[in-house]
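Participant: Next come the chains, spelled out residue by residue.
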Amino acid sequence: MRSTFFISLICVFFTHYVLLSQDTTSLQSMRVGGSFQGENRVQIQGNNELTWHEYRLAITLEGKPTEKTSFYSDFWIRTLGTPYLHTINELFSANNVNPAELQLREAYVDFYDFLISNLDLRIGRQRIAWGTADRLNPTDNLNPYDLEDIWDFGRHLGSDAIQLTYYSDNYKLNCVFIPSFTPAALPRGYGATALLSFSELPRGIVLDNITNTILLPKKTLWNNSLAGIRVTRHIFDFDFSLSYVYGRDCFPLVKKTVIIPTTQLNFHAYNELIYPRLKIIGIDFTGAIIDLGIWGEAAIFYPNEVSALNDLSAVGSGVQQFIVLEKKPYVKYVIGADYTFSNGIYFNGQYLHGFIHERGADNLENYIIFTSEWKLLEDKLKLIPFGGGIAIKDFRSIGKAYAFVLAPEITYYPVQNAEFSLGSRIIDGKGSTVFGKLKEYDELYVKVKYSF
Amino acid sequence: MKQHLISFILISLLYHPFLFGDNEQLSALDILSKVDEVVNAPLDQELKIKLILIDNRGGQEEREIIMYQKGSNKRVAKFLSPASQRGIGVLSLPNDVMYLYLPAFKKTRRIASHIKNTRFAGTDFTYEDMEAIRYSDRYTPELIKHEQEFYTLLLKPKDVSKTEYSKLILRVRVDNYFPIRIEYYDKSEQLVKVLRREKIEKVGKYLVSKESEMENIRDKHISKMLITEAKFDTGLSEEIFTERFLMR
Chain B
1 MRSTFFISLI
11 CVFFTHYVLL
21 SQDTTSLQSM
31 RVGGSFQGEN
41 RVQIQGNNEL
51 TWHEYRLAIT
61 LEGKPTEKTS
71 FYSDFWIRTL
81 GTPYLHTINE
91 LFSANNVNPA
101 ELQLREAYVD
111 FYDFLISNLD
121 LRIGRQRIAW
131 GTADRLNPTD
141 NLNPYDLEDI
151 WDFGRHLGSD
161 AIQLTYYSDN
171 YKLNCVFIPS
181 FTPAALPRGY
191 GATALLSFSE
201 LPRGIVLDNI
211 TNTILLPKKT
221 LWNNSLAGIR
231 VTRHIFDFDF
241 SLSYVYGRDC
251 FPLVKKTVII
261 PTTQLNFHAY
271 NELIYPRLKI
281 IGIDFTGAII
291 DLGIWGEAAI
301 FYPNEVSALN
311 DLSAVGSGVQ
321 QFIVLEKKPY
331 VKYVIGADYT
341 FSNGIYFNGQ
351 YLHGFIHERG
361 ADNLENYIIF
371 TSEWKLLEDK
381 LKLIPFGGGI
391 AIKDFRSIGK
401 AYAFVLAPEI
411 TYYPVQNAEF
421 SLGSRIIDGK
431 GSTVFGKLKE
441 YDELYVKVKY
451 SF
Chain S
1 MKQHLISFIL
11 ISLLYHPFLF
21 GDNEQLSALD
31 ILSKVDEVVN
41 APLDQELKIK
51 LILIDNRGGQ
61 EEREIIMYQK
71 GSNKRVAKFL
81 SPASQRGIGV
91 LSLPNDVMYL
101 YLPAFKKTRR
111 IASHIKNTRF
121 AGTDFTYEDM
131 EAIRYSDRYT
141 PELIKHEQEF
151 YTLLLKPKDV
161 SKTEYSKLIL
171 RVRVDNYFPI
181 RIEYYDKSEQ
191 LVKVLRREKI
201 EKVGKYLVSK
211 ESEMENIRDK
221 HISKMLITEA
231 KFDTGLSEEI
241 FTERFLMR
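Residue numbers (my numbering), protein chains in the order written: chain B, 1 to 452; chain S, 1 to 248.
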């Protein structure tokens with residue numbers, strides 16, 4: 001890890017040096033940019049636990065060496081979380097005391113008019129952003145989710161992919177092939193509790209340990225690869241897309257559980273988790289009705305049937321086999337609208353049926369996500385007085401399970417390229433919903449970002 | 001009565017442009033059409049623009065954009081700086097179609113008309129101001145003043161739903177039909193912004209205002225626009241005015 005980090009740093013400085021020292025047309029067209037971003041969050045309840053600590057240097061290197069080619073890369077060097085030290089020996093390594101990590105977010109090359117005119121080829125690690133909604137895109141299923149930060153739920157990891165895009169006067173055709181499957185990054189810290197659900201154990205069983213084993217798809221092309229195709233065209237005053245993805249669920253599903261006693265009263269659970277195959281047909285649109293911006297997306301998920309096995313024979317309950325995911329299509333969708341009032345206040349609202357990780361027709365819940373923005377003092381100050389979301393498990397029984405998040409924020413732009421944000425998230429509700437599971441984690445946060 | 005009638009005919013004849021070859025008696029629409037011809041004269045244009053934002057305390061910020069225009073109704077503007085806005089692009093197409101590209105999201109988004117009234121990346125220009133238009137297509141003109149050096153036109157929108165302005169007042173030079181001042185009025189008929197065009201020079205065959213400034217009357221904020229590079233009639237490809245180019 002440490003050596004990778006240093007090699008990467010050397011690469012950055014070497015590249016920068018080359019760019020500065022050379023004087024050729026192609027090199028002049030290259031550019032190093034990026035941002036520094038720091039964020040700290042503290043829990044409002046309890047003893048004010050520091051729940052997030054991230055200092056990130058994002059570096060982008062991009063260039064257009066010729067008219068027909070360009071490249072782009074984006075990597076993060078960052079510290080995330082506080083040091084996790086156990087022994088005094090660990091203190092002798094600065095990397096343990098003050099750890100940093102490197103992530104290659106994107107790195108790709110574009111070839112324009114590849115083979116024929118109007119055909120572009122993009123190869124490398126890339127973000128393939130499908131869908132028209134804001135951050136909640138049921139049709140955006142090629143890149144795995146990056147849910148490391150549960151509050152940045154629209155974030156995806158890049159995929160090592162080959163993308164061909166053909167542009168015609170009337171439509172755009174997009175074909176993507178991803179040779180190797182990458183699972184989603186799950187939330188860190190308390191965020192994990194929001195997405196996990198636990199099976200009920202037989203009475204009297206107390207687990208003292210759980211081992212979760214991930215079974216990734218076999219490393220054959222057929223098993224590992226994903227593919228997608230999307231056609232976009234303008235019809236009347238709207239942009240429409242139709243897409244198909246031959247993919248995989250990027251969230252794991254428990255396929256097998258074996259419970260073994262460790263003592264007379266305590267047990268160890270061994271879980272095996274898989275990533276089921278999925279076929280997804282998607283449709284999305286964006287346009288306007290009078291002054292109101294509107295958009296929508298719907299994705300029909302066709303899962304393969306997955307049967308699970310619970311081996312409780314060690315506790316005398318035998319082996320149970322049941323279907324954990326039915327071969328029954330289900331639809332996730334989102335509709336949204338935005339509007340800017342004459343006083344400059346911007347409002348954006350979306351209704352979502354089926355959150356990122358939810359699967360199966362009977363397990364999709366309802367979400368209303370909203371935000372408002374008010375820019376003041378010649379755009380030096382941005383207020384989000386009214387932002388957040390509401391989760392409703394079932395509209396027929398709202399009172400039983402619901403939760404809301406209120407997330408006001410104030411951002412100040414003191415100088416060009418710099419922003420300071422102060423905000424909070426207040427969560428409350430009843431029953432078990434994604435937001436409701438986080439209600440013990442009201443937070444206050446500060447963020448700083450500087451772009452260069 | 002008869003004497004009055006003769007006098008009227010004589011006066012009418014004296015001022016009839018046909019008799020005296022006076023082609024300055026143009027209608028408001030003629031003048032506006034000529035304004036459109038002058039403003040949109042180049043077949044295409046590529047401009048590098050420096051925007052200087054000056055707040056009411058004198059503080060300054062700079063933006064740099066590159067703008068491509070073809071004819072009078074296709075325009076692309078891309079931010080080159082500052083770093084926080086680099087890569088943001090706006091594509092303006094005929095029939096009020098506009099797309100915005102935000103590099104952070106890696107996708108283009110069609111802009112609904114409510115956005116058009118908002119500030120374009122913190123400047124005093126709105127998205128609507130950034131559109132490539134022919135004034136005569138969107139506004140009905142009325143000549144309200146004819147001075148020796150200037151025409152003053154009142155422009156009222158043909159379709160009020162397509163603009164956030166209730167009216168514009170254009171001050172146009174008589175000698176070359178270049179609009180040197182535009183006043184923008186909001187829906188409550190209040191003056192909200194004034195665009196002043198200065199340093200009007202001929203670059204090749206065309207007149208260009210090398211310096212202009214948009215003053216926001218309410219905020220006392222100014223956006224100065226300096227053209228640092230101008231190229232005309234280079235045969236810009238239609239490909240530039242596409243979402244494909246916007247995302248590059």
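Bear in mind the hints are in silico, worked out from the structure with no lab data behind them. Source: prediction; values computed, not measured. For each residue, glycine too, the CB sits at the ideal point set by N, CA and C. Careful, some of the hints might be misleading.
Some chain S residues judged to face chain B by a derived CB distance under 7 Å, without partners named [said to hold, decoys possible]:
id	residue
1	D55
2	G58
3	S84
4	A104
5	K106
6	K107
7	S113
8	T126
9	D219
10	A230
11	R244
In silico EDC-like cross-links for lysine to aspartate or glutamate, where the CA-CA straight-line distance does not exceed 16 Å [as the list claims (entries may be wrong)]:
id	chain 1	residue 1	chain 2	residue 2
12	B	K447	B	E419
13	S	K74	S	E238
14	S	K167	S	D186
15	S	K106	B	E106
16	S	K158	S	D137
17	B	K382	B	E409
18	S	K106	B	D74
19	B	K380	S	D219
20	B	K172	S	E239
21	S	K106	B	D113
22	S	K220	B	D379
23	S	K202	S	D175
24	S	K48	S	E229
25	B	K375	S	E211
26	S	K74	B	D169
27	S	K162	B	D428
28	B	K439	B	D428
29	B	K327	B	D362
30	B	K255	B	D311
31	S	K74	S	D233
32	S	K106	B	D134
33	S	K187	B	D120
34	B	K64	B	D120
35	B	K68	S	E239
36	S	K162	B	D237
37	B	K380	S	E243
38	B	K375	S	D219
39	S	K199	S	E211
40	B	K328	B	E358
Participant: Determine for every hint whether it applies to the structure shown.
Facilitator: Okay, the hints, checked on the actual structure:
no., hint, in the structure
1, D55, "holds (5 Å)"
2, G58, "violated (12 Å)"
3, S84, "holds (4 Å)"
4, A104, "violated (10 Å)"
5, K106, "holds (4 Å)"
6, K107, "holds (5 Å)"
7, S113, "holds (5 Å)"
8, T126, "violated (11 Å)"
9, D219, "holds (6 Å)"
10, A230, "violated (21 Å)"
11, R244, "holds (5 Å)"
12, B/K447 to B/E419, "holds (8 Å)"
13, S/K74 to S/E238, "holds (9 Å)"
14, S/K167 to S/D186, "holds (7 Å)"
15, S/K106 to B/E106, "holds (12 Å)"
16, S/K158 to S/D137, "holds (8 Å)"
17, B/K382 to B/E409, "holds (8 Å)"
18, S/K106 to B/D74, "holds (13 Å)"
19, B/K380 to S/D219, "holds (12 Å)"
20, B/K172 to S/E239, "holds (13 Å)"
21, S/K106 to B/D113, "violated (20 Å)"
22, S/K220 to B/D379, "holds (13 Å)"
23, S/K202 to S/D175, "holds (14 Å)"
24, S/K48 to S/E229, "holds (5 Å)"
25, B/K375 to S/E211, "violated (28 Å)"
26, S/K74 to B/D169, "holds (15 Å)"
27, S/K162 to B/D428, "violated (43 Å)"
28, B/K439 to B/D428, "holds (5 Å)"
29, B/K327 to B/D362, "holds (13 Å)"
30, B/K255 to B/D311, "holds (11 Å)"
31, S/K74 to S/D233, "holds (14 Å)"
32, S/K106 to B/D134, "holds (12 Å)"
33, S/K187 to B/D120, "violated (45 Å)"
34, B/K64 to B/D120, "holds (14 Å)"
35, B/K68 to S/E239, "holds (13 Å)"
36, S/K162 to B/D237, "holds (14 Å)"
37, B/K380 to S/E243, "violated (30 Å)"
38, B/K375 to S/D219, "holds (13 Å)"
39, S/K199 to S/E211, "holds (6 Å)"
40, B/K328 to B/E358, "holds (14 Å)"
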